[in-house]
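There are 2 protein chains.
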Amino acid sequence: MYRSHTCGELRLADAGREVTLAGWVQRTRKMGGMTFIDLRDRYGITQLVVDESASPALNEEAGKLGREYVVQVKGQVAERSSKNNRIPTGEIEVQLHSIQVLNASVVPPFTIEDDSDGGEEIRSRFRYLDLRRNPLKKALELRHKMAHEVRNYLDAQHFMEIETPYLIKSTPEGARDFVVPSRMNPGQFYALPQSPQTFKQLLMVAGYDRYFQIVRCFRDEDLRADRQPEFTQIDCEMSFVEREDILNTFEGMCKALFKNVLGRELEGQFPRISYADAMNYYGSDKPDIRFGMKISELTDLVKGHGFGVFDDAPYIGGICVSGAAEYTRKQVDELTEWVKRPQVGAKGMVYVRCNADGSFKSSVDKFYGPEQLAAIATAMQAQPGDLILILCGPRKKTQEALGTLRIEMGNRLGLRNPEEYAPLWVCDFPLLEWDDETQRFYAMHHPFTAPKPEDMDKFFSDKKEDLEQVCANAYDFVLNGTEVGGGSIRIHDAQVQKRMFEVLGFSEADAEERFGFIINAFRYGAPPHGGIAFGFDRFCALFGGQETIRDYIAFPKNNQGRDVMLDAPAGIDQVQMDELFLESKAPVVEQ
Amino acid sequence: MYRSHTCGELRLADAGREVTLAGWVQRTRKMGGMTFIDLRDRYGITQLVVDESASPALNEEAGKLGREYVVQVKGQVAERSSKNNRIPTGEIEVQLHSIQVLNASVVPPFTIEDDSDGGEEIRSRFRYLDLRRNPLKKALELRHKMAHEVRNYLDAQHFMEIETPYLIKSTPEGARDFVVPSRMNPGQFYALPQSPQTFKQLLMVAGYDRYFQIVRCFRDEDLRADRQPEFTQIDCEMSFVEREDILNTFEGMCKALFKNVLGRELEGQFPRISYADAMNYYGSDKPDIRFGMKISELTDLVKGHGFGVFDDAPYIGGICVSGAAEYTRKQVDELTEWVKRPQVGAKGMVYVRCNADGSFKSSVDKFYGPEQLAAIATAMQAQPGDLILILCGPRKKTQEALGTLRIEMGNRLGLRNPEEYAPLWVCDFPLLEWDDETQRFYAMHHPFTAPKPEDMDKFFSDKKEDLEQVCANAYDFVLNGTEVGGGSIRIHDAQVQKRMFEVLGFSEADAEERFGFIINAFRYGAPPHGGIAFGFDRFCALFGGQETIRDYIAFPKNNQGRDVMLDAPAGIDQVQMDELFLESKAPVVEQ
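Residue numbers (the numbering used here), protein chains in the order written: chain U, 1 to 591; chain X, 1 to 591.
Chain U on its own, in the form it takes in the complex (with noise of 0.2 Å):
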């Protein structure tokens, strides 16, 4: 061992104590005769201290070392005359009798501090020095908590951890695959997993009755901001269960993570609202419940009052913003100009202003009068002194404009705190989504997802408004506005199964080449069971209070799919191509 103690272990009561340590040079400062080393671990920050009068020789020694040189100290411990109360270290410091150079370090191309110098490219190139500073090391413990509770909860809960292959069959439905070709099967490729959905099923079918796995998925999909096309999932599958065994099971490990790890005790059932719901209040099937502001639909009660705008729309709906009656007109101005940005998508935006002495102010005042915006006003149960912001066209789009509104005014107005927490199961998502350019259905998580009971004979109906209104036995857990986790209760039955395949369009020719193995499974005696999966990169992300998961990850790779620091991917030699019988056809490109 090179230290005796860590950099973030040494106390007050140590006073007296001879010591080893060894870090990295955080800074060195000389003041009034003295050389002092702030030396940087793991754990922490220790003071070091030479007094040049004391040991000239040493103290020059001390003066020689620069920046993130790693060093092993000898000294003894002595509480310090000024003491610094941000750090538990900061009651003593190490007076030393020696300093080792363990190895020198070039002056790093940003500061290791908790607010680098550095921009995000460089630090990418250097994330090994990156990852020195702190945020990322309290992310990245972070990371390694939530994943042990995660498995001391489901092991305690009889669940087993059971690795599934990397290296598998590339499947032609969903996202792209990566594909890995084999040399020792000429023109034969594996695929990386997607997730381990068909690997968890079959364990199922072999008796495994509680699985689980933090496992790595790969997605070759065009990567939007914040996305990797390697993430980790918390992938976890039941057999013998209804819904209702799955969401307490899993709402169960929510809290266990939540306590634990943060140390947050979540009281009663977390929030249930059916996907209907969320998209008429929240205009989003992941809605943010930490604060209200929630849609109401104004169609009927605005409708034929001679403003063609809204006679002509299918749906009128608005969110009440509370106190923000202040806003200027120029205030407003700009959020109907941010509401017809292209990814909000609205046309205009009607406001109704309930000022203060119970008047109202409105961009439509010339169609409706006092006692008409009172109306509206009271189906909004809007207060004197609120805003209300009015969004018209087609009833989900419009839904989903007033949802991304409301985000925004929830910004705005400060009411997303990061350090409050607001679980919710969203339930009852449609089963199926028809495609009007293919004209068939497509199912709207994945073919093995069954319906939910009650609607089995809708299912088995040959009306196309009948099978619209199917519900998924599904559910996704959403926190903060954010989705974390999906999953559902999987068809078990060979009849449903079968139509679940007629429905989709599939013969059973397609369905036996696409599904085969699973479907021939399925005929050994499968039980009934249902799974989840969660998005552990976010879910870190979301308990450390940060939006994006870049930081929680310990080497990502940017929104090109590139990992900087390694430079790759990178072109192989020919050699290797020869081997895997391949030949590349990509377009030149000068360097």
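Calculated directly from the structure, the hints in this document are not laboratory data. There could be a bad hint or two in this list.
Unchecked claim - Pair by pair, the computed Cβ-Cβ distance ranges are: (1) X/435 x U/575: 15 to 21 Å; (2) X/453 x U/157: 46 to 52 Å; (3) U/107 x X/244: 55 to 61 Å.
What the hints assert, rightly or not - Incomplete in silico selection of chain U near chain X, CB under 10 Å: (4) 22; (5) 274; (6) 499; (7) 527.
What the hints assert, rightly or not - DSS-like mimics (lysine-lysine), calculated; alpha carbons at most 30 Å apart, straight line: (8) X/137 x U/145; (9) X/585 x U/585; (10) X/585 x U/498; (11) U/255 x U/294.
Heads up, the beta-carbon is just placed ideally off N, CA and C, and yes, glycines get one too.
Here the structure of chain U is known, so what remains is to put chain X in place on it, guided by the hints.
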């Protein structure tokens, strides 16, 4: 929940309780107007009973149940008249009121019993059915428990589990990488990691001084028996430590596993042996020390007696097989043929039989008289009743042949009890291996392995003989003759690293191209560090008392690297090939 209890849970104390069970029909049998059903789930088997006279309709239903049907039953727990003390539920049975078939099953292609009637091939294709069998379930339960205990131990020792990427960059050195074409970066490829070696060293540079990960690794090698293209490692690294610290830490982990998984307390320190001694005494770098039968070198003793074969041999050595003097001439001849097989590679074998009466009989009586045979027996500490087997030839090759013979004799004499555990550290491996063909040194482990501190002078010497004698600061963990773990102290000193590249014949440009970014990382303050990795699949198999790993992997691949259940790898369609800018040059194979 489809059940109130599992099939492994009910005891005599539950007699009289109304229960609901769900599971698979293991078997049904009729006896004296009663139908008995063995119902199985992950937790055990419970006997169900239907009385024909009391409920003829239910009895008819019971009669229709086939093997592996999934059923839910309700009934009352009752004491059995004829108890079965081989299973924990053997004192009770459940007298049924109702049976609901949750899913029928077609007849499985092999029996779901501890000893199945199915061959390897069919069981692999129906892996989800094979996994229902007890031996595989026990194997996966053991694996889950081992992973959980490893994590608990390392977490308690302040190790952080940090996930490293699976989509990385191909490195030209070492075994073949699997590669993954990048659609977003035409003509470029990711590689799947053979191990997280680089990343764990970067994490040490980043200051995460105790890292571990239970992680998948990938190697595109021609597969030998019992190798998998993807396998799992317990991968670990520590900073500010010396070899002793690493051995102690992971000896602690192994002891915790023995205790918590197998209920065995291993006393004292694990034995340690140098690579040289391992070769000299066991003819193997992974000795099985559950039994003695050490190799004795006889070169000096037996030369110069006119037996040309020995006189010309650079090395002569033997093993003494206790109590095997009874071996007949025929048995010895058979053994001689056995050592001459190419897998062992000896040219012949000499025996000395130590008769019970103190006399000797040898195949080389012509050259060695009784005194000389007695001297050999004395040198080998042979007792009357023992059989001495002697091989000769080049030193290393002959030692290895003796090592193989020793294991064979251990097997034949039943000295290798799978329920006995003999852990061992092998240390002081040579750092470098000279290759005559390319006339250069190769790193025996990898180019970041440190020389032992005391060999540093030799390491900087220009003489080939000196360099050949340099020991690596490396160590293997061996259990029952199998290498389960291996690691080393890494080079953290820039001068030593530079010398290593020089010794390996890399120019600075070469080294920069191959290892550039890690060399660069080491310029920013690399701490002294080292680590170890354990082959988790094999570790589990050994704990389960098995030699093959396949049962300890839920979905393994066969010796051709194929998943026969999935039928992977497989062709992909032209659209996907085009998107990846790839063309196949694979020979067209008639299917």
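Now for the hints, and whether the structure bears them out:
In this structure the hint that residue 435 of chain X and residue 575 of chain U lie 15 to 21 Å apart at CB holds, the actual value being about 20 Å. Between residue 453 of chain X and residue 157 of chain U the Cβ separation comes to about 49 Å, which falls inside the hinted range of 46 to 52 Å. With their beta carbons about 35 Å apart, residue 107 of chain U and residue 244 of chain X fall outside the hinted range of 55 to 61 Å. With 10 Å as the threshold, the beta carbon of residue 22 of chain U comes within range of chain X, its nearest partner Cβ sitting at about 5 Å, so the hint holds.
Restraint check, residue 274 of chain U versus chain X: the minimum CB separation of about 23 Å is more than 10 Å; hint violated. Taking 10 Å as the C-beta contact cut-off toward chain X, the hint placing residue 499 of chain U at the interface is violated, the least distance being around 16 Å. Among the interface hints, the one on residue 527 of chain U holds; its C-beta lies about 5 Å from the nearest C-beta in chain X, closer than the 10 Å criterion. Proposed proximity of residue 137 of chain X and residue 145 of chain U is supported: the alpha carbons are some 29 Å apart, at most 30 Å.
Taking the CA atoms of residue 585 of chain X and residue 585 of chain U, the gap is near 12 Å; set against the 30 Å cutoff, the hint holds. Restraint check for residue 585 of chain X and residue 498 of chain U: not satisfied, since their Cα atoms lie roughly 39 Å apart, outside the 30 Å limit. The straight-line distance between the Cα atoms of residue 255 of chain U and residue 294 of chain U is roughly 26 Å, inside the 30 Å bound, and the hint therefore holds.
Of the numbered hints given earlier, the model fails hints 3, 5, 6, 10; all others are met.
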